[in-house]
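Listed in order, the protein sequences are those of chains A and B. Here the first sequence stands for residues 71 to 670, numbered as in the numbering used here. Here the second sequence stands for residues 71 to 670, numbered as in the numbering used here.
Note that these hints are calculated values from the structure, not bench results. These numbers were taken from a predicted model, which means no experiment stands behind them. There's no promise every hint is true.
[Unchecked claim] Computed from the model, here is a short list of chain A residues facing chain B with C-beta under 7 Å:
#1 Q132
#2 V133
#3 W135
#4 T136
#5 F137
#6 S138
#7 G140
#8 D174
#9 I177
#10 K599
#11 T600
#12 S602
#13 D655
#14 Y656
#15 L659
#16 G660
Ideal Cβ positions, reconstructed from N, Cα and C, are used throughout, including at glycine.
What follows is the residue order along each chain.
Protein chains: 2
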Amino acid sequence: MRKLLALSSALVLGMTAMVSANDGLKGLIDDPNQWAIQTGDYSNQRYSTLDQINKDNVGNLQVAWTFSTGVLRGHEGSPPVIGNVMYVHTPFPNIVYALDLANDGKIIWKYEPKQDPDVIPVMCCDTVNRGVAYADGKIFLHQADTKLVALDAETGAEVWSVMNGDAAIGETNTATVLPVGDKVIVGISGGEFGVRGHVTAYSIADGSQVWRAYSMGPDSDILVDPEKTTHLGKPVGADSGTNTWEGDQWKIGGGTTWGWYSYDPDENLVYYGTGNPSTWNPAQRPGDNRWSMTIMARDADTGIAKWFYQMTPHDEWDFDGINEMILTEQEIDGVERKLLTHFDRNGLGYTLDRVTGELLVAEKFDPAVNWTTGVDMDPDSSTYGRPAVVAEYSTEQNGEDVNSTGICPAALGTKDQQPAAYSPQTELFYVPTNHVCMDYEPFRVSYTAGQPYVGATLAMYPAPDSHGGMGNFIAWNGKTGQIEWSLPEQFSVWSGALATAGNVVFYGTLEGYLKAVDATTGEELYKFKTPSGIIGNVMTYTYDGKQYIGILSGVGGWAGIGLAAGLTNPNDGLGAVGGYAALSDYTALGGQLTVFALPN
Amino acid sequence: MRKLLALSSALVLGMTAMVSANDGLKGLIDDPNQWAIQTGDYSNQRYSTLDQINKDNVGNLQVAWTFSTGVLRGHEGSPPVIGNVMYVHTPFPNIVYALDLANDGKIIWKYEPKQDPDVIPVMCCDTVNRGVAYADGKIFLHQADTKLVALDAETGAEVWSVMNGDAAIGETNTATVLPVGDKVIVGISGGEFGVRGHVTAYSIADGSQVWRAYSMGPDSDILVDPEKTTHLGKPVGADSGTNTWEGDQWKIGGGTTWGWYSYDPDENLVYYGTGNPSTWNPAQRPGDNRWSMTIMARDADTGIAKWFYQMTPHDEWDFDGINEMILTEQEIDGVERKLLTHFDRNGLGYTLDRVTGELLVAEKFDPAVNWTTGVDMDPDSSTYGRPAVVAEYSTEQNGEDVNSTGICPAALGTKDQQPAAYSPQTELFYVPTNHVCMDYEPFRVSYTAGQPYVGATLAMYPAPDSHGGMGNFIAWNGKTGQIEWSLPEQFSVWSGALATAGNVVFYGTLEGYLKAVDATTGEELYKFKTPSGIIGNVMTYTYDGKQYIGILSGVGGWAGIGLAAGLTNPNDGLGAVGGYAALSDYTALGGQLTVFALPN
Ligand SMILES: O=C(O)c1cc(C(=O)O)c2c(n1)C(=O)C(=O)c1cc(C(=O)O)[nH]c1-2
Ligand SMILES: O=C(O)c1cc(C(=O)O)c2c(n1)C(=O)C(=O)c1cc(C(=O)O)[nH]c1-2
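Next comes chain A alone, as it looks inside the complex (with noise of 0.2 Å):
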């Protein structure tokens, strides 16, 4: 606790009292000094409300120091503050260093776990890793290859942990974890391998296991309540875990679970999306394949859904539906809700009701989406919730060993895991967005545990008839579903953005800048070369009373799948090769951190 001084003494004391795990982690979110949880708060917002660093001085930003993690390919995620310690986490190896803020970043603890590189090749999108978590004490590693360890913060020892999965059968993970109460909550990847994806709740304390729910199967396995768990409204009723499916298909069927997590602790609400159902190839696996592409609701202390949304019944395209929930107050109709906004892969941007699960907004944040006409928002029509399917852009329609071509988005989305963020000075979300259209080809696979059960070859491409770029920065009104202003990128944008109250939004782009935009008119401020392409997070912290922003560079994940694996037939890396060829013009490997401030 020595290296947590610098909080302030009631902080130090809540934490050390430790009434609850969760009241010591709440009260280090709420200060803006730290950067506790790699959402920025329960809620995903990724707001700071520091403003030392405004839209007027955010021009004369510096490079205040930088450090190298030592591991090449692609760094997602961004590293705690918490007083006067950084944690610092690595891709594959998942490496982490606690670095000394009160001297130039000397490390004061590595933890280099042992991990079999087999795992390597299991993982479908890099390996990248979203970061560590912080509670209790304990900094939370969930290792590539499903290892939860809890380190003492303090020392970097291992306290406890424990195998969430195997990576045997293609079980991976790369999210990070949510701490909520006495638990982490927990997910698993492996939607291309056939994993059955589940999310799981263990104790803080020891390591032991709470609850697990499991995206399909038995209701004794989802978790539900058939009477009481809703979707749109209605209960879902007994077996909806199977009975969308086709024999055992469930058994290998995705809905991998490895996004971000949010948290309502009034509704003690845990939120978050479900993957592609598996394999890739829809002709297999007839029905509307519940609950993948499915974003959850469900009791933090049981696990038990209080409702569920599947955005893409039946998927034919890849859309996971695992992107952040943003859960925010705003007034609709002239009353105050609690809302939950969500850009899906699919590239609908969807507003509900976080209590009840009721749809309010489903819209598109990129024009360019063309496999659906939109969604039905009629209560009382058959089809309520439901996308309407383009014909031509349907790989179900047009049959297996058919290439479906000019599909927007393409497999990634419009946006995939880089989180956006919400400004409740401007009620914006800025959406980090891409801009890539795909052909698609389903054909059949059998499943073999452990290989790869994907079962479609595809291209990408810039979104014809555009900009020629294959992103955007976007801002956009969640309440009437609609885009404020979009800055055209080259590439996606695979950073997740950072909103401020100095009315500034930050974000990196795959070429390796980190910029910062006017966070009412989208002007940009500042912007600045990073060793390496961006697909970590910004995140900000004040050091002994001055405000500093973070990035992690290191160019991967699966846009930048090419450059990571050293891939160049341009159909690898699931399509993404071809598609971002020209990233290798402007970026190499790296694996950096860059911390910026303004001048002394």
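For this one, chain A is given, so just place chain B with the ligands on it according to the hints.
Just chain B with the ligands now, kept in the frame of chain A:
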């Protein structure tokens, strides 16, 4: 040539006409806006007449842009700038990038050799490379596996290549090459593998071999004229390269040539030093072991030696004599003389007349040096020019299997490859030094081609009874042989220095700091923590009228071998692992270029 349009038209004309490759390069070297050669100029002064950044404003320096090389481990050397293009190289696998300065470092071309990784274990001291050279529209890369490649500077296409050595017998390369006239001068590494050192001149036009001079062997191999080539003013006589060796030991005699080369165009002499005799066990090679540990002056066109000076006859400590020769014109005793100053691994700073080879000064540049009481400067003495060895620290006299303790400096010398700078303004040399001592236990070893041929066990530690650190950055008066000031550093200063007309001297530290100090007083004016430990050499150039400072980060080299190669046994890395173990508290592996400038 399009890329070079920013050069003055006179230069462009000169280069297009290309009367001699050297004329074009000399013009570029004389233009301070370029960084046309690794060593700053042919004199190895590493002095720039640029003075936009000066001692009054250097404190405002900012990071302008950065570039990750995509490779980890030790990054030595620096990136040449020719016109608007910067050429960045990497350690093994020795990638070369041409970066567009007009476009934030966009990659114009990338050259990635395919090298057999089997060369890595036959590199003694990390997989470093000291950078590419430019001449005649070509970029010269001397790869780890000793392949010398000429690339079209504009396209990166291979123009020609030639193998300079054979990695199967331990011949490798880490050095840059020296373009002189219509030739490139090329050295070899492998003193720890019983390689017999040689220097070779290849035609710039087509890579054909012009001459090769071995460090030891018959007169025809070592390119001497027994009557005209002198040692301390006297002809070397016949068989000087074999008659101080027992039997055939000279055939595996070491004296490799992996350091920096300098050139005096008026004398047409190339200067360099030779490394340690093999093995490190002195008992196995009675005699002076000529011409290991020798400063050599050779005619650039024929390779014939004009003079030699052997600094450490019969080495007992691995004090390779390869450090750079810095050529200056200074007044001594009222006479303007053409001097050569050299800071040797053995801890002595030498000044010689570079035309005649006359020894003028030989003084300790670290007071900790204890293996010698000094050099006999009496021309009439029978031991003229020889260092007097202190018996206690003589590993020869103490004998095989005896641990000689407390020898200063350690095997990596008071200075290793890290090059010093010289300012004609202050007439001072700025020397990055090691402040490290050692225990050294020689043992009998037998030679097997391609296998380590070391024969000694070492331990290293900071110089006792001093400031506790392992390095100093010093200012040295080469005429008097005195230290003007000395800045203590926690670790050896393994980075090359740069002196500028702004009265500023720059250097990097193993923790990763770039530092700027007042050239007159040594006062620290600026420091910045770059991503990784610095063993590269600081360079400067202008783009669009603005002065920039560039430095490669990436910890490694012999000092950083523990981190670079992941070694933890203290005796590993020839004793460096234990000595520099604390480095891992400060930095991790990296490979980044950081470019600095004043604010706009
Ligand atoms: O289905 C899965 O289990 C799964 C896992 C992951 C992952 O763990 O990174 C990605 C995806 N799918 C995926 O579809 C995807 O677009 C993707 C992008 C990235 C990334 O980090 O850039 N990961 C993943
Ligand atoms: O004898 C040789 O051939 C040889 C080669 C090298 C090299 O090529 O780097 C080094 C050394 N010796 C050596 O003695 C030494 O101290 C050293 C340091 C370094 C470095 O780059 O940090 N290389 C070498």
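Consistency of the hints with the structure:
1. Q132: The hint holds - A:Q132 has a Cβ within 7 Å of chain B, the shortest such distance being about 5 Å.
2. V133: holds (4 Å)
3. W135: Holds, about 4 Å.
4. T136: holds (4 Å)
5. F137: Holds. Min distance 6 Å.
6. S138: Interface hint status for A:S138: holds (3 Å vs cutoff 7 Å).
7. G140: With a closest approach of 3 Å, the A:G140 hint holds.
8. D174: holds (5 Å)
9. I177: holds (5 Å)
10. K599: holds (4 Å)
11. T600: With a minimum Cβ separation of about 6 Å from chain B (threshold 7 Å), the hint on A:T600 holds.
12. S602: Holds - the Cβ of A:S602 comes within 7 Å of chain B, reaching about 4 Å at its closest.
13. D655: A:D655 check passes; min Cβ-Cβ to chain B is 5 Å, inside 7 Å.
14. Y656: holds (6 Å)
15. L659: holds (4 Å)
16. G660: This hint holds: A:G660 lies near chain B, its Cβ roughly 3 Å from the closest one there, short of 7 Å.
The structure meets every hint from the earlier list without exception.
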